[in-house]
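A.B. asks: If you're matching them up, the sequences are chains A and B in order.
In terms of my numbering, the first sequence opens at residue 1 and continues consecutively.
In terms of my numbering, the second sequence opens at residue 1 and continues consecutively.
The reader is advised that the hints may include incorrect statements.
[Claimed, not checked] With a Cα cut of at most 25 Å, we get these calculated SDA-like pairs of lysine to any residue:
#	chain 1	residue 1	chain 2	residue 2
1	B	Lys16	A	Arg106
2	B	Lys16	A	Gly171
3	B	Lys205	B	Glu181
Read the hints as simulated data drawn from the structure, not as lab findings.
Everything numeric in this text was worked out from a predicted model, so none of it was measured.
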Amino acid sequence: MLGVQGDVAEHLSALADSGACGLTVKTPAQLAAVDGLIIPGGESTTVIRLLERFGLDEPIVAAVRAGLPLWGTCMGLIVAAREVVGVEQRTLGLIDVSVRRNAFGRQTASAEVPLEIPALGSEPFPAVFIRAPWVERAGAGVEIVATYAGHGVFVRQGNVMGTSFHPELTGDRRVHAYFVRELVEGKPAAA
Amino acid sequence: MQGRKMANEGQTGTVKVKRGLAQMLKGGVIMDVVTPEQAVVAQEAGAVAVMALERIPADIRAAGGVARMSDLSLVQRIMDAVTIPVMAKARIGHFAEAQCLQALGVDFIDESEVLTPADDKYHCDKEPFTVPFVCGARDLGEALRRIAEGAAMIRSKGEAGSGNIVEAVRHMRAIRDAIAELTVVPKEELVVRARDLGAPLELVKDVAANGKLPVVLFCAGGVSTPADAALMMQLGAEGIFVGSGIFKAAAIVENGVAQYDENGFPRVDPELALRYAKAIVAATLHFNDPQAVVEAHKSLGGARAMSGIDLRSLPESAMLSVRGN
Chain A
1 MLGVQGDVAE HLSALADSGA CGLTVKTPAQ LAAVDGLIIP GGESTTVIRL LERFGLDEPI
61 VAAVRAGLPL WGTCMGLIVA AREVVGVEQR TLGLIDVSVR RNAFGRQTAS AEVPLEIPAL
121 GSEPFPAVFI RAPWVERAGA GVEIVATYAG HGVFVRQGNV MGTSFHPELT GDRRVHAYFV
181 RELVEGKPAA A
Chain B
1 MQGRKMANEG QTGTVKVKRG LAQMLKGGVI MDVVTPEQAV VAQEAGAVAV MALERIPADI
61 RAAGGVARMS DLSLVQRIMD AVTIPVMAKA RIGHFAEAQC LQALGVDFID ESEVLTPADD
121 KYHCDKEPFT VPFVCGARDL GEALRRIAEG AAMIRSKGEA GSGNIVEAVR HMRAIRDAIA
181 ELTVVPKEEL VVRARDLGAP LELVKDVAAN GKLPVVLFCA GGVSTPADAA LMMQLGAEGI
241 FVGSGIFKAA AIVENGVAQY DENGFPRVDP ELALRYAKAI VAATLHFNDP QAVVEAHKSL
301 GGARAMSGID LRSLPESAML SVRGN
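Here chain A stands alone, though its shape is the one from the complex:
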C-alpha cells in the first residue's frame, strides 16, 4: 500500500480479508519489500507532488516496469495513467490510458452504482465513484474490464490495473481478490 495520503487503512483491511499481508510504503526502502503495490484513493494533485518531493516517483516507475504488480484506485489510476486530458498534470505513465479527472462532475455527482463486471461473475459490483475519473482513450494493449456511462472504469495492461471506483469502501472483496490472484500470484509480464 502506498501510504503517502488517502484511504490506506480501508485497503489494508480489505487485503487482510483477501488473504494478503498489507504493508504501508512511504519510502523507497519499503517499496523494495513488497510483492505488489496499491495506490489508494486520495488526491492525485497532492500525491504526485509528494511522490516527487520524497523521491518515490522514479523507484515506483522502475519497479513496475520491472514487473511489480500495481493497482491504482481512482487517484491511483490517475497517477498511473499515461496522461490526463483537460488539465496539465504529471503522471507516471505505467498504463497506456488517457484519463479525464472528475469526469462525472464534482462531489455532488459522486454516486454508488451497481456495476456489471463480467470477469468477476454475474453479480453486479457495488461500485463507489467519488469525484471519479474515467478512461477516455486506451491503447491497443489495454483490456477494458468494465465500463460505465460509455467509458472504461476498470482497465488492465499486463501487471498494471486501475479502477475509477473504490472497492475498498465496500464489503465486497472480489476486486482485491482479483488483484491478489491475477496480478500478484499470477505474475504476468510487465506491460
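Starting from the known structure of chain A, arrange chain B on it as the hints suggest.
C.D. replies: Positioned in the frame of chain A, the structure of chain B alone reads:
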C-alpha cells in the same frame, strides 16, 4: 450530460459517498484560503483540499462583527483555480447558506463555529444534502450529535485563529479517551452512557464495537507549526486543517501593521506561504519521523510562526469553540 446520466443510473448523496470523500482526504492537510492565488499556493504545496472563506480566523477574530458565508463569486473563482476539492463554510444552523453552497457546487460544507452562528440552538439537518458536511466537536457527545444530524466528517474544534494548540489537544484527547472508554465498558452501561453523552444509542454502540468514529476525524484550530501537525497526528488525528497558521505566518507586516491589497485582502509573501505550507504537509505525512519534522522546520528558513494568544486571557465571549454544542 454525463453527470446527469450518472445521477440517474447511480445513487448520489449516499452516506457512503459523502463519508467516502472524507476518507480520500486522510493523511492530508486542508488549508484555509481567501483568494484564488492562495488556493493555487495551497495546491502547489500539496494540500488535499482548500477551505474558501472571506477572512482567515485570526482576522475574523481581530475584525469582530458578524462573520458570514463567503462571497459566492469568490468561492466560484477559487473552485475554478484549483483541481483539488473546495470546501466552504456556512454559519451553524444556516441551512439556506448551505443550500447556496451546494447549488454552487462546492465539494464539502463546513458548518463552522468560526462564523457567527445563525441558530443558537440547532445545527442544520445535514442528511438531505447531497454535499457532505464537516462539523467541529470538543468531545465525543458533540461529535456523535453532529454525525446523527448527518455530518460526514468531524474535526476537533480547537480554538481557531489563536495560534495556540492547547484547545486542539484538549478536544482530540477528550474524543479519543471517550472512545477508548466505550470500548471497554460492559454492554449494560451503554444506554446510560448514551444518555450522559447526549448521543443516540445506535452511534454509541457503533463506537463501542469499532473503537473509532464512523466518520473520519481531523484536527483543527490552532495548528501553526510543522511540529503542531505532527503532535496532532500522533494524538490520533487522521488529517489536519490549517486555518490561520500558514497565511498569517506569511502575512506582510510593515512597521508592525498588516498590509492589505486594494480589494481588502491581507497581503502575503507567496514564496514564504508556499514554504510554510509545504513544511506542514511534510510533517503531517511523516508525523512519526522526528527527523523529517526537523527537516520541515529547517525548511522554514527562520520564518516565524504566527503570534499566538494565551487562551486563559480570553473571556468566554471571545472563544469560538464554545459556539454550537
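A.B. asks: Hints first: check each against the structure and report whether it holds.
C.D. replies: Results for each hint:
no., hint, result
1, Lys16/B to Arg106/A, "holds, 16 Å"
2, Lys16/B to Gly171/A, "holds, 12 Å"
3, Lys205/B to Glu181/B, "holds, 12 Å"
Against the hints set out earlier in the document, no violation occurs for any number.
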